[in-house]
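> Below are the chains, spelled out letter by letter.
2 protein chains.
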Amino acid sequence: MDQPIGVIDSGVGGLTVAKELMRQLPKEEFVYLGDTKRCPYGPRPKEEVVNFTWEMVRFLQLKKIKMLVIACNTATAFTLQQLKEQLDIPVIGVIQPGARSAIKVSKNLHIGVIGTEGTIKSKAYTNALQHINPDIWVNALSCPPFVPLVEQGLFRGDKAEHVVRETLEPMKNANHIDTLILGCTHYPLLKETIQKVMGDDITVISSGDETAQEVSVILDYYGRLYEGNRPPRHKFYTTGDANLFRDIADTWFEERISHVGTITLGD
Amino acid sequence: MDQPIGVIDSGVGGLTVAKELMRQLPKEEFVYLGDTKRCPYGPRPKEEVVNFTWEMVRFLQLKKIKMLVIACNTATAFTLQQLKEQLDIPVIGVIQPGARSAIKVSKNLHIGVIGTEGTIKSKAYTNALQHINPDIWVNALSCPPFVPLVEQGLFRGDKAEHVVRETLEPMKNANHIDTLILGCTHYPLLKETIQKVMGDDITVISSGDETAQEVSVILDYYGRLYEGNRPPRHKFYTTGDANLFRDIADTWFEERISHVGTITLGD
Chain D
1 MDQPIGVIDS GVGGLTVAKE LMRQLPKEEF VYLGDTKRCP YGPRPKEEVV NFTWEMVRFL
61 QLKKIKMLVI ACNTATAFTL QQLKEQLDIP VIGVIQPGAR SAIKVSKNLH IGVIGTEGTI
121 KSKAYTNALQ HINPDIWVNA LSCPPFVPLV EQGLFRGDKA EHVVRETLEP MKNANHIDTL
181 ILGCTHYPLL KETIQKVMGD DITVISSGDE TAQEVSVILD YYGRLYEGNR PPRHKFYTTG
241 DANLFRDIAD TWFEERISHV GTITLGD
Chain E
1 MDQPIGVIDS GVGGLTVAKE LMRQLPKEEF VYLGDTKRCP YGPRPKEEVV NFTWEMVRFL
61 QLKKIKMLVI ACNTATAFTL QQLKEQLDIP VIGVIQPGAR SAIKVSKNLH IGVIGTEGTI
121 KSKAYTNALQ HINPDIWVNA LSCPPFVPLV EQGLFRGDKA EHVVRETLEP MKNANHIDTL
181 ILGCTHYPLL KETIQKVMGD DITVISSGDE TAQEVSVILD YYGRLYEGNR PPRHKFYTTG
241 DANLFRDIAD TWFEERISHV GTITLGD
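Sequence order for the protein chains is D and E.
According to the UniProt record's numbering, the stretch in the first sequence is residues 1 to 267, in order.
According to the UniProt record's numbering, the stretch in the second sequence is residues 1 to 267, in order.
Hints in this document: simulated from the structure, not taken from any laboratory.
Incorrect hints may appear among the rest.
[What the hints assert, rightly or not] Dumping the calculated DSBU-like pairs for lysine-lysine here, alpha-carbon to alpha-carbon at most 35 Å:
#1 E:Lys19 <-> D:Lys107
#2 E:Lys27 <-> D:Lys121
#3 D:Lys159 <-> D:Lys104
#4 D:Lys107 <-> E:Lys66
#5 D:Lys104 <-> E:Lys19
#6 D:Lys191 <-> E:Lys104
#7 D:Lys159 <-> D:Lys63
#8 E:Lys121 <-> D:Lys84
#9 D:Lys27 <-> E:Lys121
#10 D:Lys84 <-> E:Lys196
#11 D:Lys19 <-> E:Lys159
#12 D:Lys37 <-> D:Lys107
#13 D:Lys191 <-> E:Lys159
#14 D:Lys107 <-> E:Lys46
#15 D:Lys19 <-> E:Lys37
[As the list claims (entries may be wrong)] Computed list of chain E residues with no C-beta within reach of chain D, every gap over 12 Å:
#16 Arg23
#17 Lys27
#18 Glu48
#19 Gln61
#20 Lys66
#21 Ile92
#22 Lys104
#23 Ser106
#24 Asn133
#25 Leu168
#26 Asp220
#27 Asp247
#28 Ile263
Ideal placement from N, C-alpha and C gives every residue a C-beta, glycine not left out.
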C-alpha cells in the first residue's frame, strides 16, 4: 500500500521512534509532525492534550496516512483508545509495546519504568503491565532532569553520567528489577549511559524499538506493507521553527534530513 | 474475552511456543493440538499439509477459540495465508515473528536461519525477511540432526555440543552474521548449546518467544485479552499416545501437565 505512515509527537522526542521505524521498515515512507510550539504536553490537562492531538491527526489525514503512530507517551496515555475507535486506520501508541517487550524479557517479573512526571503519575505503564500479568511488580520513577539533559545534547560523558547516576539511585538500590523500560521518547539517547549506571545485568528497553516492531506486525497483519520499489521520501513538519527542528533532527539522526516544513495548528 | 487461544502443531515441537505463550500471557487459557500420529509434516506434499492443518483447525473451532496460533513452521509456510483469509478469528504463524525480531536486532543485516530441510527449502524465512528489507543478506542452513537430538532429550552436554558444533560449522565460518533465527520449534531446547557454539556476539532468536509477543499485540489490538480472574485451565490434545505426549510435555515444561486427551482426525 503506497501511502505514508503518520508519526505524531509533542515535539522532537518522537524522532527516536521515527528513526527506529525507518530502520526496521526501510521501504515505508513516513510523515512526521512534532508540535514543538506547544511542547511539552506532560503538564497540560487531559482535554488540552486530546484537542492538540486531534489537530495533529487531522493534518496527517490530509496526507492520506495508512497508519498512525503516537510517538508520545502523554498523548498515548490520553488518546490511544479514542483514536483507535474513531479512525478507520490502525493506530499504535508507545506504551503497550514497551510493556509487552518487558514482559517478554523479564525473568523475575520485577520491572522498572522511568519517564516524565506526567507519564509516571498516569500509571499507564503499570496498568499496561499488570493488565497482561497481575503478578508483575513495578518500580516507577520519574526522572525530570533527563529531558533537559538530552535537549542540551549531553548524551554521555561525566556530566551526563553524574546526573543519570544520581537520578537513578532509588531505582538501583531499592529493589531487584531485571528489566528497565525507558518510558519517554527522549531517553533512548541516554541509553548507553543508563545501561552503564544500571549495570549489565539489567535489560534496558527502548519503547521506540518495540513500537517499530509492533507497527510492522500490524501493517503486515492488515496487508498494508508497501510492496513496490520507489525510494521513500520522508517528510517532517513542526509547529515551531523549521531550522531549529532540522538541527536537532540532524544531531539525532546523524544524517541530514530534508523536507522540514512549518505548519500552524489550532488557529 | 473468555475463550481459549488455539495452538496447533504437527507434534510436540509447538509446546515450546505454548510454554512461552503461557509465560507471557498468564491470564489466557490455551488449547493445544499436536498431530503426533502424522508427524513430521516437513517431508509431506503441500496439499496434504493443508488438509491435515484444516482438520486440526476444525477440531479447535469446536472449542470456540478466539485466536489461532500455527506453532509449526511447515504448516505456517503452507497455510497461513488461506487460514487468515478464511477464518473469522485472528491467525498467527511462527515465521513472520522470528523474521521481524531478527530485523529489529541485527545491525549488519546479515542474518542466519536454521530449520528443517522443508522449512529451509521453502525459503519462507528469506522471503519474510526480504519482503520487509530487500537489503538483508540471509544465510540459511538446514540442520537435520537437531530434531532427533531434541527428541532423545539431549539438550546439552558433550554429545549435544559435538553434534551442534559439527552441524553449524558452515554457518560459523562462511560469513559474518550477527543474528541467528531458530526456525524450528524444537530448536529452543538446544538454545544454550547453540549460543555456546556460535559465541556471545551472535544474538539467537527463538521464533516461539517472538510469536508469543505478536499474539499479545494482536489480542490487545482486537480487544480480545481476557479481563477476568478465573485461573486458566489449559487443555492438550494429541492424535497419538496421550501418555507419551504427557511425558515429553513434562520434560519440556518442567512441570506436570494435566488434561491430555487423544483424538482422531481424518477418519
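> Decide, hint by hint, whether the structure agrees.
Verification of the supplied hints:
For the proposed pair E:Lys19 and D:Lys107, the alpha carbon gap of about 14 Å is at most 35 Å, so the pair holds. Using a Cα cut-off of 35 Å, the hinted pair E:Lys27 and D:Lys121 holds, with the two alpha carbons roughly 26 Å apart. Only pairs whose Cα atoms come within 35 Å are accepted, and D:Lys159 paired with D:Lys104 is accepted, the gap being roughly 33 Å. Using a Cα cut-off of 35 Å, the hinted pair D:Lys107 and E:Lys66 holds, with the two alpha carbons roughly 28 Å apart.
Our distance criterion of 35 Å between C-alpha atoms is met by D:Lys104 and E:Lys19, whose separation comes to about 12 Å. Of the supplied pair hints, the one linking D:Lys191 and E:Lys104 holds, its CA atoms being roughly 16 Å apart against a limit of 35 Å. The straight-line distance between the Cα atoms of D:Lys159 and D:Lys63 is roughly 42 Å, outside the 35 Å bound, and the hint therefore fails. Simply put, E:Lys121 and D:Lys84 have alpha-carbon atoms about 40 Å apart, too far for the 35 Å limit, and the pair is violated.
The straight-line distance between the Cα atoms of D:Lys27 and E:Lys121 is roughly 26 Å, inside the 35 Å bound, and the hint therefore holds. Straight-line distance between C-alpha atoms of D:Lys84 and E:Lys196 comes to about 44 Å, which puts the hinted pair past the 35 Å bound. At roughly 45 Å between alpha-carbon atoms, D:Lys19 and E:Lys159 are farther apart than 35 Å, so this suggested pair is violated. This hinted pair does not check out: D:Lys37 and D:Lys107 have alpha carbons roughly 42 Å apart, beyond 35 Å.
Restraint check for D:Lys191 and E:Lys159: the C-alpha separation of about 41 Å exceeds 35 Å, so the hint is violated. Taken as a hint, the D:Lys107 and E:Lys46 pair is broken in the structure, with Cα atoms around 39 Å apart against an allowance of 35 Å. A threshold of 35 Å between alpha carbons decides the hint, and for D:Lys19 with E:Lys37 the separation of about 48 Å lies outside it, so the pair is violated. A Cβ of chain D approaches the Cβ of E:Arg23 within 12 Å, the least distance being about 9 Å, so the stated non-interface status is violated.
At roughly 7 Å, the least C-beta separation between E:Lys27 and chain D is not larger than 12 Å, which violates its mark as non-interface. Non-interface status of E:Glu48 relative to chain D is upheld: no Cβ of that chain comes within 12 Å, the nearest being about 27 Å off. Every C-beta of chain D lies more than 12 Å from that of E:Gln61, the closest at about 20 Å, which supports listing it as non-interface. At roughly 16 Å from the closest C-beta of chain D, the C-beta of E:Lys66 stays outside 12 Å, upholding its exclusion from the interface.
Once the 12 Å rule is applied to beta carbons, E:Ile92 is inconsistent with being away from chain D; the minimum gap is 8 Å. The claim that E:Lys104 is not at the interface with chain D is violated, since a C-beta of that chain comes within 12 Å of its own (minimum 5 Å). With a closest Cβ-Cβ approach of about 10 Å to chain D, E:Ser106 is found to fall inside the 12 Å limit, against its non-interface label. Not every C-beta of chain D lies more than 12 Å from that of E:Asn133, the closest at about 5 Å, which undercuts listing it as non-interface.
Look at E:Leu168: its CB is around 25 Å from the nearest CB on chain D, clear of 12 Å, so calling it non-interface holds up. With a cut of 12 Å on Cβ distances, E:Asp220 falls inside the contact zone with chain D, its closest approach being about 6 Å. For E:Asp247, the condition that its CB be more than 12 Å from all CB atoms of chain D holds, with the nearest at approximately 27 Å. Distance check on E:Ile263: its Cβ is at least 30 Å (rounded) from any Cβ of chain D, clearing the 12 Å threshold; non-interface status holds.
Checked against the numbered hints listed earlier, the structure breaks hints 7, 8, 10, 11, 12, 13, 14, 15, 16, 17, 21, 22, 23, 24, 26; every other hint is satisfied.
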